[in-house]
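Participant: Based on the provided sequences and hints, a complete structural model is requested.
2 protein chains.
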Amino acid sequence: MSDEIFMSLAIKKALKGVKKGQAPFGACIIKNNKVISCEHSTVLKDTNIISHAEMNAIKKACKKLKSINLKDCIIYSTVEPCPMCFSAIHWAKISKIIYGASENDAKKAGFNELMIHDKKLKSLGRLKIKIVSNFMKKECLEPFKAWKKRKNKRIY
Amino acid sequence: MSDEIFMSLAIKKALKGVKKGQAPFGACIIKNNKVISCEHSTVLKDTNIISHAEMNAIKKACKKLKSINLKDCIIYSTVEPCPMCFSAIHWAKISKIIYGASENDAKKAGFNELMIHDKKLKSLGRLKIKIVSNFMKKECLEPFKAWKKRKNKRIY
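Protein chains in written order, with the working numbering: chain X, 1 to 156; chain E, 1 to 156.
Derived by calculation from the structure, the hints in this document are not laboratory data.
Hints may contain errors.
Identical chains blur together in the list; that is why a pair holds if it fits in one copy or across any two.
Stated by the list, open to error - Straight-line C-alpha distance at most 20 Å; calculated PhoX-like pairs for lysine-lysine:
| # | residue 1 | residue 2 |
| --- | --- | --- |
| 1 | K12 | K137 |
| 2 | K60 | K45 |
| 3 | K107 | K34 |
| 4 | K64 | K34 |
| 5 | K128 | K60 |
| 6 | K12 | K130 |
| 7 | K120 | K96 |
| 8 | K128 | K149 |
| 9 | K107 | K93 |
| 10 | K138 | K12 |
| 11 | K153 | K66 |
| 12 | K63 | K31 |
| 13 | K107 | K128 |
| 14 | K108 | K93 |
| 15 | K45 | K64 |
| 16 | K93 | K45 |
| 17 | K34 | K60 |
| 18 | K66 | K45 |
| 19 | K19 | K45 |
| 20 | K31 | K138 |
| 21 | K108 | K64 |
Facilitator: This is the structure we're talking about:
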């Protein structure tokens, strides 16, 4: 299984979320080439501001692996994890982040991003986590396009 | 009702958490002088690395107020919110953070803190949120003391 396949799953999940009226974000957690969790944002459905795609994926992965330690896991995120999600990834000891679109793209779409990039947070925290950015960026912007076409879309 | 009373509730909640085997953190969210939510960490109980006290309090407040926008709310946290919780507070549009012990105290106790202070994040994000630090710090360290006495305590 390749990075492309896992990111495609995250994109597909994000598009599914958009279809259901959710924000255009998706994330998958993979361990030993197996999908542990794959989630989209449910902030609006749950009326819970912390239900970002990555947070949902981490919560589900902890449950599935029966552990708060997700070492040796990789997270594929359609958009650069925000500082909340980045910090959750740190707490979970996930070893690698692969993301497509950037925080700037989410900001441009109207989301109230903190605008502190993952690489800045990594540097400030002196972390060893691996970060791959701009991976399949064009494809990762598709959920934004689908979302922009929707009526009554909500930003937060 | 005063800041002291609300912080005391957060401390009491943290101590209750410690009694149940949880990590020594508590947080209350207040709006118009009314307690909206008051929670302790449930990371260990839930096997969910994101179930910090502040995250639990935000989730509950969103549910109670039926809104993802917690403007005009104040969060009282026994310990400086970590970057995950700080960012969640930003997303929730909470207007003020009042905390007691610092991230350093949690680090000293053994928790894997990112060590990026709230004031640094505020500055990097150019935010307007008000931050009051070292509030009732001595009392806010009590849950750590109670926690240190416990056998089989788990850090993360």
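Participant: Regarding K108 and K64, is the shortest C-alpha distance of 20 Å or less found within a copy, between copies, in both, or in neither?
Facilitator: Neither, since 35 Å and 31 Å both go past 20 Å.
Participant: At most 20 Å between alpha carbons: which applies to K107 and K93, within, between, both or neither?
Facilitator: This pair counts as between: shortest inter-copy Cα distance 16 Å, intra-copy 27 Å.
Participant: From the Cα coordinates, with 20 Å as the cut-off, is the pair K64 and K34 best called within, between, both, or neither?
Facilitator: Within one copy, since 12 Å is at most 20 Å while 37 Å is not.
Participant: How would you label the pair K107, K128 (within, between, both, or neither) given a Cα cut-off of 20 Å?
Facilitator: between (27 Å within a copy, 18 Å between copies)
Participant: Give the relationship of K45 and K64 under a CA distance limit of 20 Å: within one copy only, between copies only, both, or neither.
Facilitator: Answer is between: at 15 Å across copies they meet the 20 Å cutoff, but 22 Å inside does not.
Participant: Could you figure out if K60 and K45 sit no more than 20 Å apart (CA to CA) within one copy, between two copies, both or neither?
Facilitator: both (17 Å within a copy, 15 Å between copies)
Participant: With identical chains treated as interchangeable, where does the CA-CA distance between K128 and K60 reach 20 Å or less: within a copy, between copies, both, or neither?
Facilitator: Close neither inside one copy (24 Å) nor across copies (33 Å); limit 20 Å.
Participant: One pair to classify: K108 and K93, alpha carbons no more than 20 Å apart. Within, between, both, or neither?
Facilitator: between (30 Å within a copy, 19 Å between copies)
Participant: Taking 20 Å as the upper bound on the Cα-Cα distance, should K34 and K60 be classified as within, between, both, or neither?
Facilitator: within (14 Å within a copy, 33 Å between copies)
Participant: When Cα atoms must be at most 20 Å apart, do K120 and K96 count as within-copy, between-copy, both, or neither?
Facilitator: within (15 Å within a copy, 25 Å between copies)
Participant: How do K12 and K130 come out at 20 Å by Cα distance, when the copy is not named: within, between, both, or neither?
Facilitator: For K12 and K130, neither the intra-copy (24 Å) nor the inter-copy (39 Å) Cα distance is at most 20 Å.
Participant: Have a look at K31 and K138 and pick one of within, between, both or neither, based on CA distance no larger than 20 Å.
Facilitator: neither (25 Å within a copy, 43 Å between copies)
The structure shown violates the earlier hints numbered 3, 5, 6, 8, 20, 21.
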